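Q: Next come the chains, spelled out residue by residue.
Number of protein chains: 2
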Amino acid sequence: MERNDAEPAKRGRGRPPSVEVRRRILETAAVVLLENGVSEVTFDKVARRAGVSRMTLYKWFRSPGSLALAAFEDTYAHTLRPPSSGDVWADLRTHLREFVANLSEPRTGPMIAGLLGSAQSDPVLAEEISATFTRPRREGAVELLHAGRTRGQLPASIDVEVLVDQLWGACYARLLLPEGVLDEAFADALVANLRATIHASAD
Amino acid sequence: MERNDAEPAKRGRGRPPSVEVRRRILETAAVVLLENGVSEVTFDKVARRAGVSRMTLYKWFRSPGSLALAAFEDTYAHTLRPPSSGDVWADLRTHLREFVANLSEPRTGPMIAGLLGSAQSDPVLAEEISATFTRPRREGAVELLHAGRTRGQLPASIDVEVLVDQLWGACYARLLLPEGVLDEAFADALVANLRATIHASAD
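Which chain is which? The protein sequence lines are A and B, in order.
Sequential numbering of the first sequence, starting at 1, is according to full-length UniProt numbering.
Sequential numbering of the second sequence, starting at 1, is according to full-length UniProt numbering.
Simulated from the structure, these hints should not be mistaken for lab results.
None of these values were measured; they are calculated from a predicted model.
One thing to keep in mind: the hints can contain errors.
[Said to hold, decoys possible] Output of the computed footprint for chain B on chain A, the stretches with three or more beta carbons under 8 Å from beta carbons of chain B:
id	region
1	17-23
2	56-65
3	113-121
4	133-140
5	172-183
[Said to hold, decoys possible] Pair by pair, the computed Cβ-Cβ distance ranges are:
id	chain 1	residue 1	chain 2	residue 2	range
6	B	S157	A	S121	40 to 48 Å
7	B	V19	A	E40	36 to 44 Å
8	A	D183	B	S121	21 to 29 Å
9	B	A101	A	A101	29 to 37 Å
The C-beta atom is built at its ideal place from N, Cα and C for all residues, glycine as well.
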């Protein structure tokens, strides 16, 4: 077999081959997830396409849903960190726009909706989604809003945890409920509504 | 057979027996839905329990999901109308508390979550849920907020459609996402956050 790896073999020695196998599995699962949706991510299909045994998948992933989620996390975890410019309004707009772009992208949107849909009848998948996706995102959002409140850009009496549901949660609702458009204008309107109420008495 | 109906037979003549059959089917489906969840509402089970043929069910309902939704609508449609006291804050609190009580009730909460979960992979069910449940609720909510804006209780610049997602949508998010508690305190906190921002500049 040809060897294309330019790195010295010595460096590769400490790296267990299982890391490479896992990488290949996750990439394969991500492709299936994006192309066909969560219901098509089966151990059979991913094992065949990735050229690994089904036993390997059973060993590492509790269920096809867990595998799909791990593949999703691997691809999208980098979008979870909030910006921090010092201006809560700029940060909110940037972060919510990015979030909405993610949720409304023709491939990732249905994928996230599908995972959350499956989670309604799979409590373990629900907990996995929380641990890898929705909880880290919430923590980032809380951090962003806390900073704004500390800087006096948001009223001191505001409940930051609840405000997360009124901004990010509203986006999830538009994703998962049958009516309502989820687009950049909606992201901006969420922030505008918050500003409108804050500035109402000053007008 | 014994006849318990106190109404004259003449009056009953114009009423097709199919109405009674339909009623029995919906009541049976509602019981299965409440006791076992949406995945257990099958044509087989409901036909057997209601003492009707499966053909009857196929004739009237597109899918078991549609049947479950019709049963749900039949039981819960009366909770969709918003109050209208003239005070937007009182109305919001009352209506959101009632909504949250519905969504967090141990039997109806998982039922609604299950229907919305199934809808993620069933676009026709999604449209049916919208037509019978989420859209009428949204319309009632918009009406309530519009009235408050007209009375000057909400800023004139507020986007009422988006505000619905920031109040009711936030509750759906808490129902469907794995973290976050959905209780009366949350309903009150949603309203309190809105008031906090409105009164922030006046403080």
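Q: Taking the Cβ atom of S157 (chain B) and the Cβ atom of S121 (chain A), is their distance within the range 40 to 48 Å?
A: 42 Å, holds
Q: Holds or violated: the 36 to 44 Å window for the beta-carbon distance between V19 (chain B) and E40 (chain A)?
A: Given range 36 to 44 Å: holds, Cβ gap about 43 Å.
Q: Closer than 8 Å Cβ to Cβ for three or more residues is the test here. Does the region 113-121 of chain A pass it with chain B?
A: holds (count 8)
Q: Do the beta carbons of D183 (chain A) and S121 (chain B) sit within 21 to 29 Å of each other?
A: 23 Å, holds
Q: Quick one: see if chain B covers the region 17-23 of chain A, three-plus residues with Cβ-Cβ under 8 Å.
A: violated (count 0)
Q: How does the region 133-140 of chain A fare against chain B when you require at least three residues with a CB closer than 8 Å, holds or violated?
A: holds (count 3)
Q: Lying within 29 to 37 Å: is that true of the beta-carbon distance A101 (chain B) to A101 (chain A)?
A: At 35 Å between Cβs, range holds.
Q: Are there three or more residues in the region 56-65 of chain A whose C-beta lies within less than 8 Å of some C-beta in chain B?
A: Violated: only 0 residues of the region 56-65 of chain A have a Cβ under 8 Å from chain B.
Q: When I compare C-beta atoms, does the region 172-183 of chain A have three or more residues closer than 8 Å to chain B?
A: With 8 residues in contact (Cβ-Cβ under 8 Å with chain B), the coverage given for the region 172-183 of chain A holds.
Of the hints listed earlier, those the structure fails to meet are numbers 1, 2, in rising order.
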